[in-house]
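2 protein chains.
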Amino acid sequence: MVPGAPGTETEPPRTEPEMLAALSRIGEERYHSLHPFHRLLHDGELDHGQVQAWALNRYYYQCSIPRKDLTLMARIADVDLRLEWRSRVIDHEGDMDGSGGLARYLQLCERLGLDLDYVRSCAGLLPGTRFAVDAYIAFVRERSVLEAIASSLTELYAPAIHRERIAGLSRHYPWADDYALAYFKKRINQARRDVDFGRAWVLRNARTRAEQDAVLDAVRFKTDVLWAQLDALHSAYVEPKRIPPGCFAPQPQDQEHAA
Amino acid sequence: MVPGAPGTETEPPRTEPEMLAALSRIGEERYHSLHPFHRLLHDGELDHGQVQAWALNRYYYQCSIPRKDLTLMARIADVDLRLEWRSRVIDHEGDMDGSGGLARYLQLCERLGLDLDYVRSCAGLLPGTRFAVDAYIAFVRERSVLEAIASSLTELYAPAIHRERIAGLSRHYPWADDYALAYFKKRINQARRDVDFGRAWVLRNARTRAEQDAVLDAVRFKTDVLWAQLDALHSAYVEPKRIPPGCFAPQPQDQEHAA
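First to last, the sequence lines map onto chains A and B. For the first sequence, position 204 matches number 204 in this note's numbering, and the numbering has no gaps at all. If you want this note's numbering, it's the position in the second sequence, counting the first as 1, plus 1000.
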């Protein structure tokens, strides 16, 4: 629904249970856990090259998240709120010791036999991945702070898919040990803490119906960002399996089923 | 090639014929005329709903081009260059009479039986389309003016695909009359004039090897923008034919072959 569209401006604000129900419904209808690519990944149906393509493309999302959070922090005038957000950047980038989520994520890429310099260069990235992730950063830079924070609320839906991913990958792929999955294992608890704060803040600050509509639209936008990345992956590496010019091409020996 | 990458900074600048050859090669390898979706479209292999989806998604590109050009003009200090660029905006948006390329483009949508308010609202747009087009505008806002102007040089390759499109659509689809195709028919000559200016300006202003590399990268980026739009369309409406949540869904009666 468009904020301020005819008929909506006179509706009363949603109650908190109504907002929570609306947020849950978006997850049930649009979160990327529903995408067939994830089903294939978690059921062990992908060959090694397809899993490499997933990890390599997801790296760009991974390494862009702290830039997204810093973009948001740079817009926040309230020091307390900014400090609260800082832990997210540290979670991803690491503290002085450098051992953050991004380093753990690269362990996955290492176990998959990817050249880490190639991964970090983002040279083989799908344009669809880059455009979707950059759209997320632009959203956080250009929309209201309320919408920017609301767009992080897809974390509400994340613990379930992280658990499903850890179980599925461990069961089906020989490389999926604790070292490879360290990022996802650690992220479950971080995401829970982050989203508790984000959800409470958004519910407290979205007071009018129009603000609540904007919050729900921001979460829908974010589900689009996640879904579009899997659509691009699926198109390039599963069906119709057409790799765009210049993008990562798996080695022939990696295109047999690895499990 | 990354501008300033090891080994490139000592190479001499390309001659003009070398630059023209490099530009041609990018078109031969990466321009979206090579994408299977265009072959299906021009060969009359798409059903009515698929053609509607193409026209509706392409509308967002269409209506964003003047915003892209205005973004560029706002960054140009040289009044003469800015005035030269102004004609592009007028071509698309129309002069005082309002009869520009965008109005002609909507004639195509009208002939296809699309609700024009729905088209203009962009409510049914694929996220992949939106993200790619927005990436183009961001590129023009954030890169050097040289790169921003260079990114328009895919127009070098456009007259051939416009001719192929006009011939193919006219032959295969009953709705494809002069009224529906007015935009493409008029655009052939406009694009030729625009690109003559753009090419000459870029060749004159890209003097160092690094600047020339940046020009070629900008053209490659633009081919990615065009290719990603067709990948998103193909994925949603052809194969695997999975429409992302909330996007335009053709009517059942439009999903039979129209030709």
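Derived from the structure by calculation, the hints contain no laboratory data. It is possible that some hints are incorrect.
Per label pair, the in silico range of CB-to-CB distance [unchecked claim]: (1) P1174(B) x A22(A): 40 to 46 Å; (2) V1145(B) x A167(A): 48 to 54 Å; (3) C1122(B) x S144(A): 41 to 47 Å; (4) A1021(B) x I90(A): 48 to 54 Å; (5) E1142(B) x A167(A): 37 to 43 Å; (6) S87(A) x D1078(B): 45 to 51 Å; (7) N1205(B) x P12(A): 45 to 51 Å; (8) A167(A) x T1015(B): 45 to 51 Å; (9) N189(A) x L1020(B): 53 to 59 Å; (10) E1011(B) x Y179(A): 54 to 60 Å.
Fair warning: this is a prediction, and the values are worked out from it, not measured in the lab. The C-beta atom is built at its ideal place from N, Cα and C for all residues, glycine as well.
Hints, verified against the model:
no. : hint                           : in the structure
1   : P1174(B) x A22(A): 40 to 46 Å  : holds, 44 Å
2   : V1145(B) x A167(A): 48 to 54 Å : holds, 52 Å
3   : C1122(B) x S144(A): 41 to 47 Å : violated, 20 Å
4   : A1021(B) x I90(A): 48 to 54 Å  : holds, 50 Å
5   : E1142(B) x A167(A): 37 to 43 Å : holds, 42 Å
6   : S87(A) x D1078(B): 45 to 51 Å  : holds, 47 Å
7   : N1205(B) x P12(A): 45 to 51 Å  : violated, 59 Å
8   : A167(A) x T1015(B): 45 to 51 Å : violated, 60 Å
9   : N189(A) x L1020(B): 53 to 59 Å : holds, 58 Å
10  : E1011(B) x Y179(A): 54 to 60 Å : violated, 42 Å
Violated hints, in rising order: 3, 7, 8, 10; the structure is consistent with all others.
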